[in-house]
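Peer 1: Residue numbers (my numbering), protein chains in the order written: chain A, 1 to 318; chain B, 319 to 566.
Just so you know, the hints here were simulated from the structure itself, not pulled from any lab data. There's no promise every hint is true.
[As the list claims (entries may be wrong)] Simulated DEER-style distance windows between Cβ atoms: (1) Gly333/B x Met110/A: 43 to 53 Å; (2) Pro303/A x Ala458/B: 50 to 60 Å; (3) Pro296/A x Asp389/B: 29 to 39 Å; (4) Phe28/A x Asp389/B: 50 to 60 Å.
[Stated by the list, open to error] Which residues of chain A face chain B? A few of them, derived with a C-beta cut under 10 Å, are: (5) Arg127; (6) Trp159; (7) Ala163; (8) Arg177.
As the structure is a computational prediction, the values presented were derived from the model and not from experiment. Note that the Cβ used here is the ideal one computed from N, Cα and C, for glycine as well.
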Amino acid sequence: MNRRLLSLLLILLAGGAAYLLFPYNLAFLTRILIMIVLVLSLDLILGLAGIATLGQAAMYGAGAYAAGLFAIHVWADPVAGLLAGAVAGALLAAVSGAVLMRTQGLTLIMLTIAVAQICAEIANRARGVTGGADGLRGIRPGKVLGLWEFDFIGITGYWYAFAVMFLVFLALAVIARSPFGLSLRGIHESPERMVAIGVSIYRRRLAAYTMGGAIAGIAGALSAQITQLVSLESFSFTLSAEALIMLILGGTGRLYGAILGTVIFMAVHHVAAANDPFNWLFVIGALVLVVVFFLPRGLVALPASLKRLAKGGRHAGS
Amino acid sequence: MQGLEVRGLSKRFGGLVVSEDIDFDLPPGARKALIGPNGAGKSTFANLVTGILAPTGGSIRFDGQDIAALDEAERVKHGIAKTFQITTLFSGLTVRENLRLPVLERLGQGGRLFRRADSDPKIEAEVEALLAQFDLLALADRPVVDLAYGQQRLVEMALTLALKPRVLILDEPAAGVPSSETHLIIEAIERLPEDLAVLVIEHDMDLVFRVARSIVVLVQGRILTEGMPEEIARNAQVRELYLGGAHG
């Protein structure tokens, strides 16, 4: 219990420290926070429930467009916009998941990719509503909770995104330890056995997928409100794939892994791309290789692995 | 009638008949064993009763109610449970978590979101009792994957018993267990609740003769004979077909 509180405190401190240390990079830090929310959603469905997906961007994009359109046509309140994004993400996940959750493995992965592609194509065609390839413009979110206006430097945006990320993290931490979370781990470990103890794994997986969709939708909504623009890129395969890499880098099934992986991926990307705009992918590739080979459980397992190594144990991380 | 009542059960895969016209009763408190040579259809029979396979013909009744149309998960809720021949546990979870899961699901708590999985004292007490019953207390917080195979088989039985079944089918409970650990399995079976109907499918004849009060012999999908252990041991046809003189 104390250790958990300490970890939460550490996240708060890291958020404050990043703000103080990089006051001129708030836009970049905010992008990291939004990405963490997306990767957390992936950790729920992939890390916890073992649902393989390469299409999490579908729900992210749905949330982004929903929040953008909501702000333009209905109400500029950011929190209401987040809710709209969450509902859109959850709806898309529930509808597509009703079919997808009956499949597994490669079929499932292909279908998740297909859903995101279909969404991108719909957004592309519906120019009148979404702005098509030009993107959705003219999003002017109101004050956060009626108090804080979005400013040019991005101070409000940063703390707003940080608060949302922290709340999502807390909610997932509660869910992960709940009976529902335990049952998702059970489905991940042995679906046959879960059926044998009388569980409809289809319904559990669908529930998890829908929750993950809502959180991805929140991430998309955050992005729409803070960048005040939604582009077709929100649905891109690259986004889904990068989120997956970040999660694997940090470690699946552990929420801290989602944070760690995202921060490291995006920081390395940022620095490497600035130094060598043509070969930065090489650095990311090498990093992923090292982690997958030596730390199959991700970077969160690094301390335990080092401890074992120091004790003269066997293969680190295994 | 109380308990399980199977009449004229058959199963064909295309032209291949794997179960044919099986009549079988398992009243509360029964300790029956199902034996037979490899390919006799023992596991198929168990899968038909638990709903993993759909029969081609015949009826399965439980406490007088026709359950043939129910799927596996629904039959579990009716109280028919089976252990797996090959251990199928939540290997990354601890022993305690492995037992907590079925208890939560049985009580309909498995979908709850906003409370901790280990916060219900009644459920925890039940988990502790199961751990004690199967001598697993010392291993409770170890991941199952770290346990010796014989201990994993005990977890397998405990997990199934956590569903509070009224019919328990043990599909080769001692398969793969070194003979030095078989006694653990036998003792665990002997400690099962009195009123539970137990069917053991097993190759290990020591185990069968230790725990069974009645033995059913299955050959090529048909019941060859049923009787007390002494009768089966004396039955010339059975000895020739199956025991191969090992007990003679």
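Peer 1: With respect to the beta-carbon atoms only, verify the hint that Pro296/A and Asp389/B lie 29 to 39 Å apart.
Peer 2: holds, 36 Å
Peer 1: Classify the hint on Arg177/A as holds or violated, based on whether any CB of chain B lies nearer than 10 Å to its CB.
Peer 2: holds, 5 Å
Peer 1: Per the CB criterion, is Arg127/A less than 10 Å away from chain B?
Peer 2: Hint violated; Arg127/A Cβ to chain B Cβ min 40 Å, cut 10 Å.
Peer 1: Given Trp159/A as an interface hint, is the shortest Cβ-Cβ distance to chain B below 10 Å?
Peer 2: violated, 26 Å
Peer 1: Does the Cβ pair Gly333/B, Met110/A satisfy 43 to 53 Å?
Peer 2: Given range 43 to 53 Å: violated, Cβ gap about 36 Å.
Peer 1: Look at the Cβ atoms of Phe28/A and Asp389/B and judge whether their distance stays inside 50 to 60 Å.
Peer 2: holds, 52 Å
Peer 1: Min Cβ distance, Ala163/A to chain B: is it shorter than 10 Å?
Peer 2: violated, 20 Å
Peer 1: Return holds or violated for the Cβ distance of Pro303/A and Ala458/B against the range 50 to 60 Å.
Peer 2: Check failed, 25 Å falls outside 50 to 60 Å.
When the structure is compared with the earlier hints, violations turn up for hints 1, 2, 5, 6 and 7 and for no others.
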